[in-house]
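*Asks:* What follows is each chain in one-letter form.
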Amino acid sequence: MSRRELPDDALSALERLIGPANQRESSDLLVAGVRPGAEVLTEDIRHLEDALKVAAEFDLAVCPTGGSTKLGWGAPPRACDLLLRTAPLRERSTLAPGPPSKPRGHSMPVPGTLAAITEYDPDNLVVTAGAGVTVAALRDLAASDGLVFPLDPPSPDTSTLGGVLSTNDHGPHRLVHGSLRDVVLGLTAVLVGGERVRAGGRTIKNVTGYDLTRLFVGSFGSLGVVSEATVRLLPRPACEQVVVASMPDLNAAAEAVRRLLRSQLIPAAVEVLSVESGRMMESDLAGVGPPAAGSCFLIVAFEGHPVAVEREVRDMVRMVGEARSLVLIDPEDVAGLWSALSRQRESARSLGYAVELKLSVPLSDLWDVLDLARSGREATDEGPMWTASAGSGTARVWLGCSSTLGSDTSGTLPAESVALLLAMRAAAERKGGSLVVVDGGQALGAGFGVWGSDPDALAVMSALKSKFDPRGQMNPGRCAGGL
Amino acid sequence: MDSEIPAGLLALHEQVAKCGKCGFCQPACPIYRTTYREGHVARGKHALMRNIIEGETVLQPDLRDAFDNCLLCRACTDSCFSDLRTDRLVVAFREAYAGRFGRSTLQRAIFRGLLPYPRRMKALVRVAWIARAAGLDGVAARLGLLDMVNPKLRKALELREGAPGMFLRERLSRPAANGKGWRRGRAATNREEVRGRRGATVLPPIPESRSGSGDGPGTGMRVGYWISCGYNYMLPEVGEATVDVLRRRTGASVEILENSCCGLPAYGYGDLAGARSLARRNIETLGDLSRFDAVVSECGSCSGHLKEYPELLAGDREFAPRSRRLAAKVRSFSEFLVEIGVSGSQTPRAAVPGPTDRAAGDAAQGGPVVRPLVVTFHEPCHLGGRFQGVVRQPRELLRALPGVEFRELRDADSCCGAAGSYNMVNPAVSGAILARKMENVAATGADVLVTECPSCMLQLSLGAKRAGSNVRVVGISELIAELQHPASR
Amino acid sequence: MALAPGSVIVTEQLLQQLRGLVGHDNVLWRWVDLQTYEYDAYIEKALPGAVVFVESTEQVAGVVRALHRAGVSFVPRGCGTNLSGGTLAVTGGVIIEMARMNRVLDIDIDNERMVVEPGMYNLDVSALLDPFGYFFAPDPASQKACSLGGNVGENAGGPHCFKYGVTSNHVVGLEVVLPDGEVAWFGGKALDSPGLDLTGLFVGSEGTLGIATKIILRIVRKPEAVKTMLAVYDSIEDAGNTVSAIVAAGMVPATLEMMDGFVIRAVQDTMDAGIPADAAAVLILELDGLADGMEEQAETMAELCRANNVREVRVAATEEEREALWKGRKGAFGAVTRLTQNYMVADGCVPRTCLPETIRGVAEIGRRRDLQVANMFHAGDGNLHPLFLFDDRDPGARERVLAAGLDVLRLCADMGGSVSGEHGIGLEKASAMTMAFSESDMRAQEWIKDSFDPDDLCNPGKVLPSRVARWAGTTR
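Protein chains in written order, with my numbering: chain A, 1 to 483; chain B, 1001 to 1489; chain C, 2001 to 2476.
Okay, chain A solo, but in the shape it has when bound (with noise of 0.2 Å):
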């Protein structure tokens, strides 16, 4: 899609409010294939209102990011006149936060810039931050305090609370600390038009009215920009410990994953990697033994009581009958593991992975669709590569690995891909479920439907979306159902 160029007014308006440092007339940047008119960095809420003020008034199209993580991510905007950025093109060390800026369990939110913590107070297990701030800022801050962030989702040194809010990313830990949508007890949002708009609180419960929280969480900024996001801490666990099994396929993965779920162990964590997922992060799965065609690895978390851990340990492996080998990571490693989960994501686009696809269906009806994936495997030329978080019934699949793609986003995948794809999907979906390719959906050529069929109730999406939108202008088209 070609580039629309900026009315003047539009220009110098957004240069006098929020000043010709944080602006640029182009950008490099794409949005899922779509080259914004020009780019601006809204430092604070100031400049996020003014911006979104000057939106509604020369009636630009809006697309917001946080660390430009996911801008490949949904559908290509109808149009892209601005791209808003709560936070600088950087690595996080300038994105640290500063010291809370009240003493300590005191509230009292000042406006700060988007990338600052608002409200920190550790005694009452609440954090409010810009969204801005990285998620690996947010879990070293709560880690100061012998707390933990709940979130852990991909990429955590770029990835911004508002982004992954608005995103719904999750990570391995969702199992046990809850979805986005259980963490987030409050936000505020700025409207086009530059209305600011607070929802929630900062309690666990909280029946105040009608929960817009959870209405933004996963809005892939249709509504409005998140300005800023409390979320609720939780206490370190006295004990992490984490064991990681070569099963032999994927049904004795899927049979010990149903007897570790159906048990009264409590997992944190049971993730289960395809064999080239596996390989990716060989480092850290050291130990376990060559990955062999056909089989997967299951990894699975225990946190709580020493004591309680220890039983879940001993439990498991005896869960986990047919593995081939099975082995308990040394703590010091644990971390490293996660990291390397985290960083799957970069890793695959490095390998040359073109696609990311995230498949949710019911927990029992993974295996059946991740079993399309391997039998994908002989049809396409290079294998699809998935990691599942299985006690949530989702997986992150990789498609597209193959010399004439890599980075080059103008690549086409070959048919025999998007034929497995558009499989996985039926599948998926006919179990309740959906599969959406996330990021690189250039890939599949214009027109195709990252999002698959329409949501059932898209009448009340839209009819939401033009209240709050009411032109049209935030992220037009990029989320589900060409909202």
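Among these hints, one or two may not hold up.
[Stated by the list, open to error] Here are a few chain C residues that sit away from chain B, every Cβ distance over 12 Å (derived from the structure):
#1 Gln2016
#2 Ala2099
#3 Gly2119
#4 Leu2123
#5 Arg2221
#6 Ala2245
#7 Arg2265
#8 Glu2364
#9 Arg2410
#10 Ser2438
#11 Gly2473
[As the list claims (entries may be wrong)] Which chain C residues face chain B? A few, computed with CB under 8 Å, are given here:
#12 Phe2135
#13 Ala2137
#14 Asp2139
#15 Ser2142
#16 Arg2393
[What the hints assert, rightly or not] Straight-line Cα separation of at most 35 Å, DSBU-like style, residue types lysine-lysine; simulated pairs:
#17 A:Lys467 / C:Lys2045
#18 C:Lys2144 / B:Lys1465
#19 C:Lys2163 / C:Lys2144
Calculated directly from the structure, the hints in this document are not laboratory data. Keep in mind it's a predicted model, so treat the numbers as computed, not measured. The beta-carbon is built from N, C-alpha and C at its ideal position, and this holds for glycine as well.
Please arrange chains B and C on chain A, whose structure you already have, making use of the hints.
*Replies:* Relative to the frame of chain A, chains B and C by itself:
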């Protein structure tokens, strides 16, 4: 407006206004669980009562439906935070309705002119049975008469081929003529000369031949046996079994009381005056209670209501103390047995063949296999936790029976839907409540469904018949007599 | 009774239409019947125009379509146990009674899901799951008497929510009849349905966005072991500090319940729950999970109680002892009720560390409004439920109680908490919405309602202050 409200109701204002409308009465109420209508549950009734008392609405015929649709089973009162006694409130409003709109002359005739007089009752019931035999039961039923007199009767007519050969009272008074084997040949010696009141029958204990001794824990005791209408007219064999077990197991002598109806039907209709007069009449009839160690009935409704005489007669200077003395002596059958120590610890008298499981047996050894008799218990409202608190006793007796596997019935204490005349007020709902009860019975896999109330027994028999189930419905004394004195049967 | 302007008039023609859809006996319209639908568990009353009993999604859709065509407003109602007036038909509209829609549609252990109709009792869900070794975590105090549809509407909580989360964390999909009678599915058995999270938005929407007709629940494995302890305190501060200390120590008990001295004395007056009557507060602490490590954790917890000046800690060794410890908490409501003609239970949340200060504030409110107040808390969540005692027949007392309720909410808002923990906004708390939200926040709230229900027919006059104000004076 206020002047139209009976003073008795005004006095209830504080109570009904206490209802916090929390809704905890709903899941407990068998009628609500069938119709899901607010007017049918305590909370809705309280709202209507309050509106009447506060003059928002008046005692109008339309509201009556709400007060008619109550089983008086007290399931709601059990879960009421505010401790409201909805059953009593409902009776008070039923009374007010009767006071305002009058009671039908038929009802009046029954409660005042029939129930107190066993002889008249007997005659009427005879007529009904004859009508049934002559194929005229439709006529009798249409008159509505049977329901009003005693809904048990109509059910009995529906269930049975013919009338009992003789009513319980006659059977017990004429042992020699009794067709049952267990007293054959002993009749002459079992008669004891009447002591005390005119012509009362007193039956001595029966020594167990095998043990060689008639001693039971109640040796030397004298028990007054209260004849409930249900056993008297419809299920005399249960009454006989009760008396038999009392005589064999307790060692007590049993005086057959000359009581009339306990008055519960009149009370349920809100005819408190009628209920009180029956209560007084019974107290008079029983006379000096000092000759009894206990007054026993196997009818949970009768014993439950007798224990509430003091409340009914609270304002009565003469009868309140007498009713308290009576209530103190009243025991339900199972309550009495367990209290004096006749419990299951007594060894079985005979090896009892259980039912055979042919299919399993054939497969295993080519012959039928004897398995334990599976027994469950329906707890009558007036017997159980909400009235008499007799919960543990019947189960204890059943568990101890030889060759019996006792299985607890789900919601055993929830009303079977008989509830006096409720099946006339709302047959469809009563039927649905009964059907749910029978589903729970079926889920236990029981061969025998035991209870301790003739009204429940007839209702449950009807339920079994409707469900096409072959579960046997028996009174608790029947099963005890059958299993522990098989030789005598 | 005079009709408020704009009140619904249910015509005979509409009644005929409704009877045609659900059967003659399933439409109530006579005043004698309607009187029993003018209340829920809140204080105020409003008379509906009719009550319709429904038994299937098709019937709900048909009825809603008919009402939508006729422009007649309606209120979905389950068991009517709402504490904030959410099921009152303030416009005199039609109550759609869901209680008979109470079937289990699917128990899907493999997928950790259960599909039920909205009329099912909350407690029945766990009873049905028990043989499988699973349970449904949200356990509102009314779980015996409240329906899942209502739980969804109010986003109900309960003691176990400290560890397991509220209703919204346990509902993953809904079949909904929208206010125009269209039927739509939100979410499903799988997580992360593409598009907006309408399930999340719908839960807690208090029946104003449509009528849920099927609910997909997330079910949880029953814990292997449970350990319960009762801690008795001489000061409510110490009890509050213990709660914070337990959480700070990284422990996640299944429940952290607290009762104040008033409640303790009420309990001891009606039953022997074994709590010293002169205690100022008790905590009921329950751990659940694996049997292994349970002893150690219980000891740590007892240690934390001792470090905070506990007078006595009792640990239940058997199931009977556990029930004995819970006896006081479970009987607390009834015990307090016996001390008064009527009561009103308030509901708000504060950050946990503010509990002691909030408790002082509530006592002050009681003094100022001349009301006795008993305090029960889901302390782990910072969720307080002061009970104000009064006599419903005294209009002055009623006014004072309503004012005290709002005072409590103001206090919670000032502490940085929320004005509704688990009872919803309904009628009761609409004016408190502005304590939490600005004008523009409220505008967004209005958009939600307008998107789903542009004609304002579905449970009108609730939640949003503007809507509640429109129908002020129609209740009594």
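*Asks:* Now, for every hint given, state plainly whether the structure supports it.
*Replies:* Hints and how they fare:
1. Gln2016: holds (21 Å)
2. Ala2099: violated (4 Å)
3. Gly2119: For Gly2119 of chain C, whose nearest Cβ neighbour in chain B is about 8 Å away, the distance does not exceed 12 Å, so it is violated.
4. Leu2123: violated (8 Å)
5. Arg2221: Per Cβ check, Arg2221 of chain C is outside 12 Å of chain B; nearest 25 Å; holds.
6. Ala2245: Ala2245 of chain C is indeed farther than 12 Å from all Cβ atoms of chain B, at 33 Å.
7. Arg2265: holds (17 Å)
8. Glu2364: holds (26 Å)
9. Arg2410: Given that every Cβ of chain B is farther than 12 Å from that of Arg2410 of chain C, nearest at about 25 Å, it holds.
10. Ser2438: Answer for Ser2438 of chain C: holds, closest chain B Cβ roughly 35 Å.
11. Gly2473: Its Cβ never comes within 12 Å of chain B, the nearest being 18 Å, so this holds.
12. Phe2135: violated (18 Å)
13. Ala2137: violated (20 Å)
14. Asp2139: violated (15 Å)
15. Ser2142: This hint holds: Ser2142 of chain C lies near chain B, its Cβ roughly 7 Å from the closest one there, short of 8 Å.
16. Arg2393: Holds, because the Cβ-Cβ distance from Arg2393 of chain C to chain B comes to roughly 5 Å (cut-off 8 Å).
17. A:Lys467 / C:Lys2045: Holds, because 34 Å separates the two Cα atoms, which is no more than 35 Å.
18. C:Lys2144 / B:Lys1465: Judged against 35 Å, a Cα distance of about 33 Å means the pair holds.
19. C:Lys2163 / C:Lys2144: Given pair Lys2163 of chain C, Lys2144 of chain C holds - Cα atoms ~21 Å apart, limit 35 Å.
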